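Let chain A serve as the given structure and place chain B on it in line with the hints.
Number of protein chains: 2
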Amino acid sequence: MKVGIVGCGQLSRMLALAGWPMGFRFSFLADPDEPVRCIEGLGSVVRLDTTMTAGDVFSGLGNPDVITVERESVNVALLRQLKAFCPVYPDPEIVWAIQNRHREKTLVAGLGIPLSPWEVFREREPVQEAIARIGGLPVVIKSTEDGYDGHNQWIIDSSEQLEAFEKEREALLERKDWLQESATKGIHEWIVEKKIAFDREISVIGARTPDGDIAMYTSGENHHDKGILVHSVIPAPDLSEQLHNKARDYICRLLQETGYVGVLAVECFVAGNELLVNELAPRVHNSGHWTIDGAATSQFENHLRAIASLPLGNTAHQDGVVGMYNLLGQKHSDDSQAPDQLITKGTYLHWYNKTSRPGRKLGHLNILAENEEELSGSFESLRNLFPPSA
Amino acid sequence: MKVGIVGCGQLSRMLALAGWPMGFRFSFLADPDEPVRCIEGLGSVVRLDTTMTAGDVFSGLGNPDVITVERESVNVALLRQLKAFCPVYPDPEIVWAIQNRHREKTLVAGLGIPLSPWEVFREREPVQEAIARIGGLPVVIKSTEDGYDGHNQWIIDSSEQLEAFEKEREALLERKDWLQESATKGIHEWIVEKKIAFDREISVIGARTPDGDIAMYTSGENHHDKGILVHSVIPAPDLSEQLHNKARDYICRLLQETGYVGVLAVECFVAGNELLVNELAPRVHNSGHWTIDGAATSQFENHLRAIASLPLGNTAHQDGVVGMYNLLGQKHSDDSQAPDQLITKGTYLHWYNKTSRPGRKLGHLNILAENEEELSGSFESLRNLFPPSA
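Sequence lines, in order, name chains A and B.
One point on numbering: in full-length UniProt numbering, the residue at position 112 of the first sequence is 112, and numbering is uninterrupted.
One point on numbering: in full-length UniProt numbering, the residue at position 10 of the second sequence is 10, and numbering is uninterrupted.
Do not rely on the hints blindly, as some may be mistaken.
Since the list can't tell identical chains apart, any single copy or any two copies may satisfy a pair.
[To be verified] The list that follows gives simulated cross-link-like pairs (lysine to any residue, SDA-like), each with its CA atoms no further than 25 angstroms apart:
1) LYS345 - PRO210
2) LYS345 - ASP213
3) LYS194 - ALA130
4) LYS194 - LEU173
5) LYS226 - GLY110
In case anyone wonders, no lab produced these hints; they're calculated from the structure.
Quick caveat, the model's predicted, so the values are computed rather than measured.
If we strip away everything but chain A, and leave its shape as in the complex, we get:
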């Protein structure tokens, strides 16, 4: 089985490392300036340039049996053209939908899955009216595209913060270069959503094959710092059976109703007995990295099984509690020595071979613990050894 992956980051790395044992071969499509250190040695790399046709890309990738993506920020037009040559999973249309928060929320709402109240506004449209329609401050404003790890997001608790946003918006609209840089390449568009007082964030990860087989992992609880995932705990502590089932129901509907193929991640807010979808990721996801050591089959292997039309593997998690701790860069450095000292009897190091820069995801540690108390102790030591913020 030859798999072409669009993107050359750590998700591609972990996909390839999950596929090599099964005899899968990989090739990777890199953007013109994309670093490729994560996947060096794991397959050939094709560097995209504007002169390439889809046929050039397909043959450059070595005529793969299937093409997949490791990120949302991809050229969907190219993916659509690649479908003439081999299956592309997940389908370019679902990637396209999730690329844009407006389309994403429309999709989720259309399936009757609850979201925090939201409105969309464009260019110089008044935001105050939109805010009023969803019940007033506090709100969160997000650009509909190019938002990840807290980028292009504004938390608005007060009219002062709203004024500050308005100034930023005006500056942005006056800049001519931003639209070139942006994937939007058309108009400026934002989502404003009610900032809900949620208790916590959980995520649920599932996979679906072209035949419609579905497998789901146990929901985990995620902790963020400045918009970046710091750690996850699986199973999400004391999550009611009702909420576990809601999460399973949401991902199941999303997979089924969209005819999705591959791994899909859904981030949700828990507010009392309510479960609101925050966002989707049409790919393997950081909050599923625990599955490498903490589940019978990893999200990476299951993504490959799905796109290769093979039966999905058992998703049962290990006894006890599983944790995942992101290892974020502390400083700028071309050197990125794996922190072997973090390895203990119950911890498993995953290192991406990246150059270091502050806040960059350089690796993660999976932790198998007897109980939540033991896991909290591990997180505590890790925060000292490898702080979550630079």
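Okay, now just chain B, sitting in the frame of chain A:
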């Protein structure tokens, strides 16, 4: 951490695939004619030639932090010289001891660990006397070196079979080329051991760090066909606690008393309440391949942790029963398509990318099952889809 591995087979492949996620780098030392397809892409390869000094080998391997082996059949003199440049684990002296069945049995017996009664004989020494000393027929005769997967072994149940062996011995002694081919490079030597009516064969795998930390896996039961391992079942079904403890005691003493570093495998015969050591392997072992999917930490990762002086990982096995089924070549073919059709919800394919030839180990399948009955069913189907003999 840079690891140099002597050998380029599937064990090197699986070691590298266990180390890549942790950010380990690999290089491999190949014999002049050794195939390298298993490890292609996983690190640079140095091809040994007679003009090379140990220093050439060390620098060719990229000045590794540690050197290890994936097979017993290695140039021990070279390993000894390499110790001047970096640690070599397991120590060349234990590899040297295990290379030769005479030295191996002397080592095991010296630790007071039971073996089947045995004698050694050389060249044209009369074998009848040795046989008489261990209690007469039936016996098994094995060359002290170059024996693996049933090669250079003779099962002697009758005087006719003994005569046949004597003819083979005479022919061998008259051949001038055999000693050049053989690792013995000196004299012909055989072990004769009492062929015991054992109930079954189990193996136990353990690891030790330079600091003396020890971790052991649950003993599994092994089934062979024509001297080649066909499948393993973990835990060994209905093995008494007493025998489990004996196996743990044996490997623990072997690891401790020899100051061993890395993974060691011990194959044992079970005869009633007796546990007799059959042979040792100073490396990761086929009967431990189940650990990739069936244990919290694989034997490959634990071997790397041990030789890198890192804490050993949890060796607990998965709930239920774990199985391993070897995928042996059916025919000669340069093509070796991974048999994806063997993948199911509870099975995990490991494919080595070798050319196929009859009886060759091309891959293995790990199986996670609820119980022994379910596992037997899986083995049964596998025997039809991928027969153990060509």
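Here is how each hint holds up against the structure:
no. : hint            : verdict
1   : LYS345 - PRO210 : between (39 angstroms within a copy, 16 angstroms between copies)
2   : LYS345 - ASP213 : between (35 angstroms within a copy, 11 angstroms between copies)
3   : LYS194 - ALA130 : within (10 angstroms within a copy, 88 angstroms between copies)
4   : LYS194 - LEU173 : within (24 angstroms within a copy, 89 angstroms between copies)
5   : LYS226 - GLY110 : neither (30 angstroms within a copy, 62 angstroms between copies)
Checked against the numbered hints given earlier, this structure breaks only hint 5.
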